[in-house]
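There are 2 protein chains.
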Amino acid sequence: MEGAKLTRRGLLVGIGAVGGAGAMYAAMGALGLAPSEQDKEFAAPRQGDFSLRGKGAAKVVILGAGVAGLIAAYELGKAGYDCTLLEAGSRAGGRNLTLRGGDRLTELNGPAQDVKFGEGVYFNAGPGRIAPWMVTLDYCRELGIPIETFINNNAAAYVHTNGQTVRARTARADMYGYVAELLAKATNLGALDRTITKADQETLLDFLRRFGDLGPKLEYEGSDRRGFTKFPAIGGGTPVEAPGTLHQILAAGTGRSIIGDFGYEQATPMFQPVGGMDAIVVKLKEAVGEDRIKTGAKVTKITTLADGVEIAHTGGVVKADYCIAALPPHILAKIPHNLGAQITTALATPAPVAAGKIGLEYGRRWWELEDRVYGGVTETDLDITHIWYPSHGYHSERGLLVGYYNTEHEAELYGSLSPEDRRNRALTQGKKIHGEKYRQNVLASASIAWHRQEHIQGGWVRWPSFDSSFTLLQRPAGRVYFAGDWLTHLIAWQAGAMESARGAVTQLHQRVLQSP
Amino acid sequence: MEGAKLTRRGLLVGIGAVGGAGAMYAAMGALGLAPSEQDKEFAAPRQGDFSLRGKGAAKVVILGAGVAGLIAAYELGKAGYDCTLLEAGSRAGGRNLTLRGGDRLTELNGPAQDVKFGEGVYFNAGPGRIAPWMVTLDYCRELGIPIETFINNNAAAYVHTNGQTVRARTARADMYGYVAELLAKATNLGALDRTITKADQETLLDFLRRFGDLGPKLEYEGSDRRGFTKFPAIGGGTPVEAPGTLHQILAAGTGRSIIGDFGYEQATPMFQPVGGMDAIVVKLKEAVGEDRIKTGAKVTKITTLADGVEIAHTGGVVKADYCIAALPPHILAKIPHNLGAQITTALATPAPVAAGKIGLEYGRRWWELEDRVYGGVTETDLDITHIWYPSHGYHSERGLLVGYYNTEHEAELYGSLSPEDRRNRALTQGKKIHGEKYRQNVLASASIAWHRQEHIQGGWVRWPSFDSSFTLLQRPAGRVYFAGDWLTHLIAWQAGAMESARGAVTQLHQRVLQSP
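Quick mapping for you: the protein sequence lines, in order, are chains A and B. So that you can map any letter, position 226 of the first sequence is 225 in numbering that gives the first Met the number 0, and since no number is skipped, the others follow by simple counting. So that you can map any letter, position 2 of the second sequence is 1 in numbering that gives the first Met the number 0, and since no number is skipped, the others follow by simple counting.
Be a bit skeptical, because a hint or two may be false.
The list treats identical chains as interchangeable, and a pair is accepted whether it falls inside one copy or across any two copies.
Below, in silico cross-link-like pairs of lysine to aspartate or glutamate (EDC-like), each with a Cα-Cα straight-line distance of 20 Å or less [claimed, not checked]:
1) K229 - D137
2) K184 - E201
3) K229 - E40
4) K430 - E419
5) K293 - E396
6) K216 - D205
It is worth saying that the hints were derived from the structure and are not from the lab. All of these numbers come straight from a predicted model, not from anything done at the bench.
Model the full assembly from the supplied sequences, consistent with the hints where possible.
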């Protein structure tokens, strides 16, 4: 699952990305794995890799049938490895979870929810969007999963801050307009004379005029970019109310909300599988073979031996040549093992982060019909944080909004409520933006608190820093490899799980090929 | 067809939108049509409108079966009007033209093109995108035409200016970074002390830090928003080359290219009918009745009479109670009529604007596979102006790029070339951005010069100002009404044609209902 917009950057900055990567490459170098082999040009293991070496593919037990576990099994399977996946829960996919009518969602210390969405309606309770550079899209292509555009940025969606609601296009036009005016003014006052040449100042002013849609005196006087209550047609249209003063615009506090797609992770455009994110799980399960996945098998002990591994679980014991542990670190940390004290400490280092979402199904797509909002995200400073509008099924009768997608404190707050109270609270908050219609005609809802999902217990994790614990777990402990988004710089993205699984597979396969 | 991004705003500003609208509303007021009736809440004529008045629906002849003509016939048809459409060309749709394999495209003073695109490949040679607030989407909904997202803004697409090519995300991060740094610097130098309070300066600086992704000293030191040659995965990624100096960034001239979706017409997200824009024409033709459309019927004389109209065309004469002339003004201006000298002058006032496009079909979607560009637009200062990547059919084998979409001088230049030379020139230009692969594996191409289409002769028109000629033609001349995007503030958009047709229909219907 990708992070909430407003906190994402803080997450990445907080973990000191650059130093960690260098340290990790050094560690990989010690294993004879150059970065380019490791994850720049991943080569899936092939049956042919064994033909000249007179050895067979090994037996591998994979702990966890989330995306990392499934990708590991899928890639190893290409070369004929004999993989078994042990999954504590009742289904594969992990956080890649799409809820539909007829599903039942249980949680720790809370009532079960029977999902009652109508035919064809789905709720991506976990990951919901894919950036075009991510390896996730390659797997969609390889597995024949059709994709469509996910709208992550919508000028017609709203920004709700400090009790006021404006369209994103209006908030953006006003901030850019005043920023441009101020810099033009400062330039003309000579404030940049010691910084840039007069010729560059002219080029800058020309840009600022366009950037802010400034008037002839280089002042911001509003702009048709702000939008209309009635858009131009036969007549010239009726603009929305004139902009406030600079002071009012700054006080409105919309600034944070209009930069949501500036980062490389969330930049426009993004994508989603047609029909639900779990198409990826469905296709991976098919490719791996459902008979290889043992659900309800909770791991109780991990033992690495000189010639193999032994994994005890609630249904028995599995012996294999190697193990890939693709569980969340805070779950792994609780399982007895003989991998050493450093591993125990390392596994306990990253802290789980709470995350929650609610899907609200309406009998009528009022956001399209009345608000002309087709897809995208409304940003708020309320505890719901975001509202997502669906990027598919436009103009159909029913539709599903994500009524909150929050993390940390707000996610814990909602998670502590009953499903009914979560829904009521979400509706009360959304009403502040959309009015009374937000509470009308809600056909069904389902909410998830990822930190209360029994075998997952978090939306994702946060490392205090990408330190030696991080790099330690990127190497095998005996015959046990680790995998998951939590071992990458793509935490909280499926792509992280996939990249990590590919890394573990590469290391394991190299070792098998090189072993005597 | 919507205008080219870089010139669009100039077009609208140049015609003095606000004054014209006021004058037009005054004219409409004289007709007893308040703006709210006229086009805020359009009510389609219904059969029931006649029931209490003891009169029948009239006979209407519509000149031109483009989008305006089709919508007029469709809406009048709802109340039982007997409509006949006279179309000079061989097909309905006007500028709404989608080319597919097997089509043949002729042009004035040029060779015909036999279109050879593969199965399922299409080229929207006219309009290609729809803003969510436009009435075009309402017609898609009403007519049951499925829509999908059109990507108009892509951070991964390129900006090519002054011989250099960078990703749009890089160009944007650098411009925003330096703008933020400069304004932060000026603020801290006290340049704004007389403009805004210290407290507001703090709020501003907080925004600038985020907006520009500034470092701790409020200086722009590059940003991961600029993108990566290798995106983060197991490692932290390899950023693209560090940004140039402010002088270099300004000299690169990317500023105009990164504001393309700021306006209300082109803001993200936009939409397109699934399978080609002409789905709108297909559905309208079905609804209107194909037997009502006489193709190959070029109008030769328009006569308004006391009790009806008489339209001479190349296949005969049509008599009717009313006429809606939905042809381009510069075409209408050449047809003899008895509507008076003022009408002749008014019709000759708007000037046609040249516009051209080429569709390039490739056997391989290298832009997705190699460049990770899924949909969107590359902006250039070359004579091709834009390159569009397809927003549909992702991951399929073949795909079609729009290799140029240009207007005015550039469109005339390409239009004057043979189809083969247009293609060669487009490939040579595109190679500057994408390299040699741009010229390889091109399976087929088709190009259109709208100013050389026999019965259209322009991409759209430009009014010197929204003056009395504009408002004159929004009223009927005798029993002749005019319609087309050229009579609205949505010139060059299908929505303009639709809104104008609705306006003419409303006026005509009111008159019929009120006539003795």
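Hint check:
no.	hint	in the structure
1	K229 - D137	between (43 Å within a copy, 15 Å between copies)
2	K184 - E201	both (13 Å within a copy, 18 Å between copies)
3	K229 - E40	between (52 Å within a copy, 10 Å between copies)
4	K430 - E419	within (16 Å within a copy, 58 Å between copies)
5	K293 - E396	neither (39 Å within a copy, 37 Å between copies)
6	K216 - D205	within (12 Å within a copy, 27 Å between copies)
Violated hints amount to a single one, hint 5; each of the other numbered hints is respected by the structure.
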